[in-house]
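Q: Spelled out from the first residue to the last, the chains are:
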Amino acid sequence: MVKLIINGKEIEAKEGTFILEAARENGIDIPTLCYDKELTNFGGCRLCVVEVEGSNKLITSCSSLVKEGMVVHTETPKVVKIRKDILDLLYSNHPKDCLTCEKSGECGLQDLCYRYGIKDGSYKGEVKKYAIDSINPVMERDQSKCILCGKCVRVCAEIQVTNTIDFTDRGFNSKVTTEFDNPIDRHNCRMCGQCITACPTGALINKQLKGIRPWEVKKVRTTCPFCGTGCNFDLNVKNGKVVGVTPNPDSPVNGKSLCVKGRYHSDFINSEDRLIKPLIKKNGEFVEASWEEALTLVADKLKHTRDTYGGDAITGLSSARCVNEDNFVFQKMMRVAFGTNNVDHCART
Amino acid sequence: MTNAIGEVEDNEVLFIIGSNATEAHPIIGNKMKRAARKGNKLIVIDPRRTELAEMATLWLPLKSGTDAALVNGLMHIIVKEGWHDKEFIEERCTGFENVLEVIEEYTPARVAEITGISEEILYETAKLYTSTKKAGIFYTLGITEHTTGTANVMNLANLAMLTGHLGLENAGINPMRGQNNVQGACDMGALPNTYPGYQSVTNEKSQKFFEEFWGVKLNPNNGLRIPEMLDEAAAGNVKAMYVMGEDPVLTDPDANHVKKALSNLDFLVVQDIFLSETAKLADVVFPATCYAEKDGTFTNTERRVQRVRKAVEGPGECRLDWSILAEVAKRVGAKGFDYRNSEEIFEEIRATTPSYRGMTYKRIDQKGLQWPCPTEEHPGTPYLHKGVFPRGKGLMVPVEYEEPAELVCEDYPILLSTGRMLHHYNIGTRYSKKLDSIRPHELAEINPVDAQKMGISEEEVVRVSSRRGSILTRVTITEKVKPGMMFMTFHYKESPVNELTNSAFDPVTKTAEYKISAVKVEKVGAEEAAAFM
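Each protein sequence line maps, in turn, to chains B and U. Mapping to our numbering: the first sequence position 75 is 75, numbers consecutive. In our numbering, each residue's number is its place in the second sequence (first place is 1) plus 1000.
The shape of chain B in the complex, shown without the other chains:
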């Protein structure tokens, strides 16, 4: 363990820890827009600069390791001035549409401009302007809002390992885009949307959650209903309806990762094709029925079959898509109520 002092507070940190992490672990928040614990260090946004006693230059706390006896100051006038300048530069080259931006309320740039009192960009001149890429059904890309933090590039390369996007061009023209600057679609992208989660601004947006303010939703953590990996995520609920999915970093299997199905499937829950009443087939056509009528018919028919031909004349298919509790009751129903072991499910098909 290494002992150091941050903002007058004596702390201990494991050797090999970055100053920013050590500070966070001790409740000291150093701002950053490009750092993510799960990704390689980038040191690009420079917002995490701090003063270290004995050093006459500012250092980036996201990429500098703690040292024994180090004395760090994270909010000195010098540091704050630099941060304000950086934010001013970023915001000067950023659309001023926060009132209607989808990201408002969970935007990293907005949060830091609020924290450091940046009201307007003071650098007047050319600002970047790109057409919105809305060609695919699930995500929208507005490069005018990109601050070049590179988190999307790293998440695509290091977590999803697809390398769909990277930096191109230089200086003012620098941008993050695909090979040949093509729109993002299923041909060049796995559409996992992990770049959307990583993006601190409104440059990358989940179309499904457009029109939903982040503070309006209740989040309910659950387990994905598709493959056997067992990812967790948060169902976003507004006015009693599931409106979309966001990752939950506490998920034991997948962390913040999701695939295209996990992230975008949830509109099936509200499908107009959902069954809403019991149906009984009469003269070859389905007719809506009451639960009482349908349950009575099923119980009578199955009881008759059991009592006439024996329980083994009844078979049941349980479901690998339903919860354990449903499966347990299903096999118990077959065994206890009908006296047969004729129960199976699609594990073999």
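Worth double-checking, as some hints may not be accurate.
DEER-style ranges, computed between Cβ atoms [stated by the list, open to error]:
1) U/E1101 to B/K219: 47 to 53 Å
2) B/E15 to U/S1200: 52 to 58 Å
3) U/Q1452 to B/K238: 50 to 56 Å
4) B/F167 to U/K1367: 34 to 40 Å
5) U/Q1366 to B/N188: 35 to 41 Å
6) B/R170 to U/Q1366: 43 to 49 Å
7) U/S1200 to B/N182: 53 to 59 Å
8) U/S1200 to B/E293: 35 to 41 Å
9) U/K1362 to B/N182: 31 to 37 Å
10) B/K129 to U/Y1361: 50 to 56 Å
11) U/G1039 to B/K175: 27 to 33 Å
12) U/K1493 to B/K241: 49 to 55 Å
13) B/C98 to U/G1525: 53 to 59 Å
Once the Cα atoms are required to be at most 25 Å apart in a straight line, the calculated DSS-like pairs of lysine-lysine come out as [to be verified]:
14) B/K256 to U/K1367
15) U/K1280 to B/K303
16) B/K37 to U/K1367
17) B/K103 to U/K1433
18) U/K1134 to U/K1041
Note that these hints are calculated values from the structure, not bench results. Cβ atoms here follow ideal geometry from the backbone N, Cα and C, with glycine treated the same way.
Assemble the complex: chain B is given as a structure, and chain U must be docked to it using the hints.
A: The following block gives chain U in isolation, referenced to the frame of chain B:
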């Protein structure tokens, strides 16, 4: 899986056979790709040039269905070179001599002939797999969906035992299970031969336990498996069927036989969230709730039991699956179905299933628990078989290579394999407009050589026929499949591939050979194509 998903990235060698993880298990696939990115080595054994094949140190595009010969060939080389783990075999395994006798015949030259993989690559593969103890086997349905599926799995177990790749972190034998809760459904005894917790229905002790627990006399005989249920329904011996949350018409092999069998029933009940193709044949359909509308648990492929939490009310008059079942059971006179909530059912699961006994909703709330978890103090089990196998010594059973049930011939010259793709999951995701708009229709994969031979262009509609059926589909031309091979998914009811698949089964599990059917591909007229589109 014998091991945990979190261990995948740090396997130094990943032996991936018959698994297209980046499409079928994307998050595990990402971890495999991350392993490769770190410098760990992938051995990918798959006739298709998958995304993982692109990242592999060794890609073995074997002839479909020759897995047993390939694994025997690898074991032959390993023993000949002395790369096997003699200590592990001596201390923990039995039956090695029998395996030795069989693999003796699988010389590299013979195996190369059967599999189409060169002797040199076979040698490299055997060497790489045995170069570290941190080498795990990963497989899915490319291994099991064959008439020799069980034998294939046993042979992978032979390979892992031969080389001592078991009972360790970052190793093991890891089947990645297809459905969210197929592990749980098996654990819960939704099988014709086992009660919850894999307790045999023909074992008197288990029978007695459940008879006392549930207070009824239980049937002492194994029940029917799905294909047998269908055959018996077609024969008129099975009179009624209750189907919950499955659509065998689209997902079981030889769909025309399935439809015939279901139509022959006196009474079919289907409980589902949509009017599935199977539900259309039903006499009564019960509307059920989906996962977002219910509380409960799923058990994932690494045996982790995790919470499912109700987020919203279900639409209309739909009801919880278990509550519908309990109501039916009560109405036919059964006792013990007065559950008030899912947690009460889970308490009964704990009481009857030893591997779940230590779990409670409270304990699994945040991170879940991996079974076996026998007591409330037990931390769960990330990887299995440390020190000892449940049966004592690991049994090695020799496996001979057998040809697939259906081979290509003059009339049906193309080998059709089926599986999943990234953007859809079985048949349910078609109801998601978002996902469906990414991939709205089937694109059967066909090699450029075959496409050129037949004069077929990208996204053209063709007719694909087997001995059992004939369907229309659009094609995509890609080198992911070899010449003479075709790949289709089973996600699209407009191109119902299971009308083509072969219902020849593995004798033990009754799993069908979805991975191999012989088909022919024909061009269709402009009018027919336009009508299809």
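Q: Looking at the structure, which of the earlier hints fail to hold?
A: When the structure is compared with the hints, numbers 1, 9 and 12 turn out to be violated.
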